[in-house]
Structures are given as structure tokens and as C-alpha cells.
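Model the full assembly from the supplied sequences, consistent with the hints where possible.
Residue-level listing of the chains:
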Amino acid sequence: MSSPWTTEKVLALSPDASSSKSGQQLANANKWGVLGHNAIALWGECQGSGKLPYRTQIDLTEPAFRCSCPSRKFPCKHGLGLFLIFAGQSDALTQGNPPDWVQEWLDKRSQTSQKKQEAKADKPVDPVAQAKRIAQREAKVTAGLADLDLFLRDVVRQGLATVQSQPYSYWDRAAARLVDGQAPVLAKRIRAMASIPHSGQGWADRLLTELGKLHLLVQGYQRRDTLPEQVQAELRSQIGWPLKQDELLSLAEQADSAVEVCSDRWQVLGRRVTEEDDLQVQRVWLQGQASGRSALLLNFAHRSQVLESLAVPGTLWNGTLVFYPALYPLRAAIKHREASDRTWMQPTAEYASIGEAIAHYGAAMAQNPWLDIFPMLLTEIIPYWEGKTCCLADGAGARLSLDPGFKQEWTLMALSGGHPVQIFGEWNGSTLMPLSLGVLGRWIPMEALP
Amino acid sequence: MSQSWETLVAVALLGTDRQKALPAIAEKSVKTLLVQVDASDAEHWLLSAAGTLAAYQQAGQNAEKRTERLIESAEAEAPTLEEPAFLPFLRMIFTQDFQPALPEFLSLLHQSGQCIPPEYLPQLLDWGHFHPEVRSHLRPVIGSRGEWLARLNPKWRYAQATPQSSNPEEWKELWETSDRTVRINLLREWRSQNPEAARELVATTWKQDSAKDRAAFLECFAVGLTLADEGFLEKGLGDRSKDVKTKVIEILSQLPESRLSQQIGMRLKALVSLNEVKGKQKLEIQLPDLDDPQWQEYGLDASRLKQNMQGNRGALLLQLVRLAPLSLWTDFGSPQTLLELVSKNEWKEELTQGWLFAAQHQQNLDWSVALLDWAIATLLNPLGRWMQPLNPFRQLFSDLPQAIQNQWITNLLKPEFWKGDLVEILISNTYVLPLSLSHTVLATAQQYLIDSSEQGQIRAVAKKLQYLSNILHPDVVSKSSAGSFQTVYHALQTDDFSRLWQFLVLLQQMRQVILQDVEPQN
Chain A
1 MSSPWTTEKV LALSPDASSS KSGQQLANAN KWGVLGHNAI ALWGECQGSG
51 KLPYRTQIDL TEPAFRCSCP SRKFPCKHGL GLFLIFAGQS DALTQGNPPD
101 WVQEWLDKRS QTSQKKQEAK ADKPVDPVAQ AKRIAQREAK VTAGLADLDL
151 FLRDVVRQGL ATVQSQPYSY WDRAAARLVD GQAPVLAKRI RAMASIPHSG
201 QGWADRLLTE LGKLHLLVQG YQRRDTLPEQ VQAELRSQIG WPLKQDELLS
251 LAEQADSAVE VCSDRWQVLG RRVTEEDDLQ VQRVWLQGQA SGRSALLLNF
301 AHRSQVLESL AVPGTLWNGT LVFYPALYPL RAAIKHREAS DRTWMQPTAE
351 YASIGEAIAH YGAAMAQNPW LDIFPMLLTE IIPYWEGKTC CLADGAGARL
401 SLDPGFKQEW TLMALSGGHP VQIFGEWNGS TLMPLSLGVL GRWIPMEALP
Chain B
1001 MSQSWETLVA VALLGTDRQK ALPAIAEKSV KTLLVQVDAS DAEHWLLSAA
1051 GTLAAYQQAG QNAEKRTERL IESAEAEAPT LEEPAFLPFL RMIFTQDFQP
1101 ALPEFLSLLH QSGQCIPPEY LPQLLDWGHF HPEVRSHLRP VIGSRGEWLA
1151 RLNPKWRYAQ ATPQSSNPEE WKELWETSDR TVRINLLREW RSQNPEAARE
1201 LVATTWKQDS AKDRAAFLEC FAVGLTLADE GFLEKGLGDR SKDVKTKVIE
1251 ILSQLPESRL SQQIGMRLKA LVSLNEVKGK QKLEIQLPDL DDPQWQEYGL
1301 DASRLKQNMQ GNRGALLLQL VRLAPLSLWT DFGSPQTLLE LVSKNEWKEE
1351 LTQGWLFAAQ HQQNLDWSVA LLDWAIATLL NPLGRWMQPL NPFRQLFSDL
1401 PQAIQNQWIT NLLKPEFWKG DLVEILISNT YVLPLSLSHT VLATAQQYLI
1451 DSSEQGQIRA VAKKLQYLSN ILHPDVVSKS SAGSFQTVYH ALQTDDFSRL
1501 WQFLVLLQQM RQVILQDVEP QN
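Here the protein sequences line up with chains A and B, keeping their order. At position 127 of the first sequence the residue is numbered 127 (the working numbering), and the sequence of numbers has no breaks. Each number in the working numbering comes from the position in the second sequence (counting from 1) with 1000 added on.
Everything labelled a hint here was simulated from the structure, so no lab data went into it. Not one of these hints is a red herring.
Have a look at the derived ranges for each label pair, beta carbon to beta carbon:
#: 1; chain 1: B; residue 1: 1181; chain 2: A; residue 2: 168; range: 43 to 49 angstroms
#: 2; chain 1: A; residue 1: 305; chain 2: B; residue 2: 1099; range: 32 to 38 angstroms
#: 3; chain 1: A; residue 1: 17; chain 2: B; residue 2: 1246; range: 45 to 51 angstroms
Computed from a predicted model, the values in this text were never measured in an experiment. All C-beta atoms, glycine included, are put in the ideal place defined by N, C-alpha and C.
Below is the structure:
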């Protein structure tokens, strides 16, 4: 039996490099007792350090993983190892009926989505308690933003040159007040600001830009009652108080005009997992094949928790997304999705040139001045070196620089060989962080490359 | 950045406390918006202006124009949809730290006519940068993409293709136009094809080449070295650069019949005598005179020799022993006899070190074997104290012909072999041992473990076996051969052994899978 999964594709699911490594170490049939599969699932028993072997199972329709090991990584190394055996030497797995422990899980999984829907409908909402909670948070946010307002003014009153010599605690105190004020996203931005004065040339420009944008945010939020609904929604998500996913989905159920619902055949363009303090953040970028729309799926987990995989880069599936209300809606939640087609084909070109991509970014910025990350799918792009910086050039003579945090420049160069390639990445207004690469008919997530 | 933005930043840097006057904004649409902002509230106005103008500029930015030339593109690759069968091995080598298998992997790839896929080139080229010993295996399998990539990164220059030309008439132009790394590769290549023509070519640019280049070129003369090179080399004895001079002497000393070697040999021989002292033979050495002007003539700067524990004269003695032809010693005894004779000699260090260097450079088989036997005897002797680094011996061993190596290992293999550091001598061996010898290696390891009851030994032996694993014949792990290794392995299932087992299995599978489609060549 041949499997559509290759090692490369399986490794794309790995949460990080060390998991990839341990997963590959376990991709050895000798380390497994039981190994089996049927059309929709894989399972295996792997001897770990404990007395009982770990039971690992994979539902191939998603794919979804489950393992009895205590690891907080998701998928864990056993899941990856089992999947890698399937991808590389599927003969090592015996075809047959799943054992009870696998069947139970599969049954439960097919029921879960149904149950979720029912549970949601059944859950009683106490409108009085809810209103009280909202009012409480509202009060805290207002106080937090008033503090922030004073802080920003204080910075420009002293002057950026003076602030440059302030210790980290200066910023951290301001950030802590925003945490108390339940505006976590703003707290994060203030902490990030602390490093700008030491970031080299152009630091004052960057710091002033950030101060100005935060100021507009505070001003906007304080006058939000006078602003249109979408601006209000944007302001709320900017301070870290967005709609909850179930609130969003229930608005969609009620066909509320504030939320947009879009059905399409979605292609998963790329994925990025970052760590911010104790939080893991996963961003998955989609593109609708018919609508051409970009969408962002976002989820979080505490560092010690499992970050659930949302979608596999390179896959395509039919589904319905609900967009969070915003000035330039990108973030979305899945209302419904069908099983994936694993085609790994190159996506359709979005922008013909760098100039066009930047013009689109400009148009998006004009709609949402707080836009921080913008998805860019570039086609016919050649990577090249400008001194020590890796850049991309298009046929029209335009260029852009890659993010200094991008470490796979040589892999990119090697795969392109000076020939045009397709690149998908996140544009932050000045540099691009590549997430996936299209070359010679392959669509490869950067995380699957060495 | 606009003028208005720069003035805003200037005000912000100073702070509104010190800089009361607010700047003018030239951008019309931003200016119109700012009219609504209370300018008497300076901080509020400045922050609002900054936020608005920054967003305005970001939204209005244009793509930057490329100013630098694009690189020339490499040969296009054909699309590959199927993953090549060798790829899992390459991944395993890097993810499980089995890099000692790389040379074997790369040469299998070469034998099967395959190349490394582009995405793995950077990792491998980097590995070659830090591990020169894999470079010769790497070069043939990087393909045109790899050669293209190697031109872009100075660290990877070593992998650049050397232009091929067997016609010496085309060499001149290549020699004059290539860069340093390529010239060195070319010279080495040409020395093996036509040493005369290569030497003449070097002479044509000798005066213009830097001292660093000259020294590097001299090193290539070791290839195809004959007495015909003597004339050219001797001119180098008067070179301005000390490094070049040292290289010339070293190369000349590899020609025992050269005038310099012979002269040094004669001078040295005059300082040595074999006398009977208290009924025992003793090799007596008279130390060389530092002030003799002739040392200078030989290119030996006696006053600047690095002083060793025995002082300047000892250092000069060492130099002479290193450079003199080994044949001069035959009058005093065989290599074995001499090594035994000097075991308590006050100049033991200088003599043995010098012989070691000379045996290596003069490729003297008798001396090489004798020195290795001597090292082993000392290492295996429970009372012998070993003070010398094993590196030179390792080199000496790997230079031996394969048959002699195998013979030597056969003689040496006893359970005691696994005690101490002995095994390190075999590490850089480039030949794979025959299957029977590989079995013997494992059998002696097993016997040693049975004999020594210490638990800690298992680990140590496993580590040593790991060093040797890439010279063991891959079939020692095959199921059909009831290898002793399996017995050892099953009896002592520790992590170290299971890793070693995996490594050997990797080597064996690599051969099977990568070579499966290759037609056997007869």
C-alpha cells in the first residue's frame, strides 16, 4: 500500500525541531510492539520508560493524534514516529481492524463535533451575570488605557533620547498595569517596545511610530461609542479583547450583518508558531480558491499545554469560515470543514509583482492603520544576496528584504538556484518572513526543510 | 521618510518639555486631519501626528528598486515528485548524529550516479567546511546546483569545481586567471598528471605570488615529487618568507636522495655513534653546534628554533632527525633495534619524534610499522607510560597499504586491545575491514568484556566500538552471519550498544538501498 504522505509532509506537522528529531528516532519499526492501520487510522504501541507501552493513534482524516504518553508537545514524538513509519515503510504496519482502544477513540471523535453543537445550544446563558462581567472588564480596560495614555505622554514629554536610558523595569511597570487592565495585547506591545531603543539605526523612527499608533488606539478606544461598529470591533481586538470564538459562531448562526461568512475551497498556504512569553501562538494562513480571500486561523496555548494543529500547510479543503469583524478582516474561525485533499499543489498566484503586493498592503493599511501582519503570496520571485541580507527580486526590478529572523536563506537559495520561485510569507511593512515555498511543482512549508 | 517625519522625530527625541515649538506637516491629507487635534496639548498633538503620518507613509509606500545585479542562475533542475530512496538515510545521519557514516553515504551516492537534493546542500557544505575529511566525498555528488551554491559562499569555496583540462596548453590561462582555492586544486591535479609541466607553470608566476600562496603551492609538490623538482625547490631555500623556507625544507626532506637531505644526513650521522657502555650497546648523540653557519645554508635558523625542554640544541637535533634520510640509521641497526635501544636514552624524545615525522614524510614502510609496533608495545605494557599524542600514529597507520593494515590489526587483536586508548590509532582508517576481521574485532571485544568483570567497561568498549564502526564490514550485522556481535549485543543491551547496532544497520541498509539499481560492473 502506498501512502500519499511523505516524510517531508509528515515533518511539516511537527511542533518544533526537537520533536522532529525525536520523532525520526522513533521512526524505526523495531521500537514498536504493535503496529497497525486501516483506511482511516494508524495505531501502535511503543515501549517508553514506563512499565506499559505508550499507545499512539492517528486519525488520518484530519490528521488527528492521540497518545497515552505524558508529553505536552502536539503531536508528540510517538505520533510523529508512527506517522513517519507509515510514510516511509508502510509495510511495517499490519492492515486490520483497530483494537478497542483505537475504535473507542475514533467513535468518540465522530460524535464529538455533533455533541459540541448540541452542548452549545443547551448551555444556558445568564444575561444579568454576563452583563455584569462585561461591565467589570470594561471598567478595568478604561482604567488601564488611562494609565497607558499618561505613560505615552510621559515618554514624549521626556523625549525619546532620555527614555533610551530607561531600564527595562520602566516599560515592564507600564506593561504590568495593562495586564491588570485586562488589555494583554497592549501589554505585550509595551514590553516589545523596551527593546526598540537598542535595536540600532532607525530606532527613534520605529519607537515614535509605535508610540503614535498606540496613542491613536487609546484615543479611538476612549471615543469608541462615536465610531462605527467595525472600528469598535477592531479596537477591541487590538487591545486583546476580541470576540470569543463561540460568540462569533453564534453571531454567524443568527446571520448577524457584522460577521462575514465565506464558503470556499481553502488552500493552506503556510503556518507559523511563535512563542511569546509563556504563550505559544499558531497562525495558519488560508487562501480561498474561488474568492481569492486570505484568512488567518489563530490559536494559542500555554507553553506547558498542547497546541492543537489547525491545518496542514499544502492541503486543500472545502469549508465555511466566519471572519471576525475588523477593519480589514483576516482572522477567521472554522464553521464547517470537510476532510482534506492532500494535493500539495502550488497555489494560484496572488500578486504578479512585488510592486502589486506592496500596493495591496498599502490599500489594506488604508483600511486598517493598525494592521501588523499581512499575508503575501509572491510569484516569479528570485532570491539573491545583497551583501549579507537575503532579498527577493521580481522581474520588474523591484526588491524586498527578508526578515532578519529568517535562518533558512541558504536553503531557499539552493532550492531556487537563481530561478524564479513562489514564496508565501508574512509581511510586516518592511520585511518578509517566508513560511512556504513553491518550486518545481512542490509546495513546501519552510519548517519541513532543513 | 519625509521631511515632516524627520522633524517630528527630532522633536520627539528632545521631548516636548524642551522643544515647545511643534513642527509643520507638509503632507496635505495628514495636515487636514491634524487640524482637528488640539495643538495646545503638545504631547497629544505630537503623538497623533506621529501615528497618522506613520500610517500614511506605510500605506503609501512603494516597492524599492533593486540596485544590485542578480546572480547568474544555475542549471535548471528537473522536477522530482518522488522522494529519492536515499533521503531517509541522509536525514537519519543528521537527526541521529550518525555523521561518521557520511563518507560512506556520499560515496554510495556517487557510485549510484545520484546527487544531493538542493535543500540538503547547505547543511552538507557546512559540514564539509568544518570537516575537511569529507570534502573529497562531497565534491562529486553536489551536482551543478551545489557548485553554483559553493560559488556564493566563501566558506564553501572548497567545493567549487576545478576546471578540467588534460591539455597542458590550456593550463596557462587557467593558472593565470583562477582564484587561490581553484589554483591549489588545479596544481594538485596537474602534479598527478604531469608534474614537470605543472612545476614550470608555477615558476612562471612565482615572483608575483604572495608568500601565503607560494607556501600553499609548495605543499602540492608532495604530489608526484621526484628529484627533477630539486632544482626548483632549492631556489626556495633563499626565499624571503620563513614559512616558504620551512615548506621547502619539508618537501626536500621527502626526497631522501636530495642534496639537502643527504647533507643533513651526513652532518647528523657524524654526531651519532654506537658504543658499548658497561657491556651494553648505547646510541650516543653529540649535540649539534648552534653557531655553525651551515645550518643557515640549509634553511635552518638555529637561533630561532622553538626551544624545547632540552634547550636550543635539543630543538636543532630534533629538526635534523626529522629532515635526515632514514637510511642513515641502517648502519646503527634496524628500526626495531634502534627503538629498543633508545628507550632509556636522554634524547629519546627528539629521536622518536623525529623518526615519526620522517617515517611519515618519507613514506618509509619499515619505519612506519616499527614505530606502530613500538607504540602498541608501550601502550599495552602495564608499566609503560605513554606521553605522546596519538594523532601522528593515527596518520601513520592510515597511510599504510590496506594489506599491511589488515595484517597489523590481525597481529594486534587480542582482548587487551580494548584496554586504554589503543583503538584511537585505528580511527582514521579509510579502508573497511574484511568481514572475517570485523568478526574478530567483535569477538575480542566480547572476550575482553567476559574477562574483565568490571561493569564500567561495557560502556567504554561500546564507545570504542563506535569509533571503529565505520571500518567494520557492514555485513557483521546481517542475520545470516551468526556474528559474535549479535551475541555481544544481546548480552549487553545498553544504550551505547543499541546505538552502535543501529549505526551498523544503517550502513548495511544504505548499501542495499542505494546500490540496488546499480548494475554490477565487471
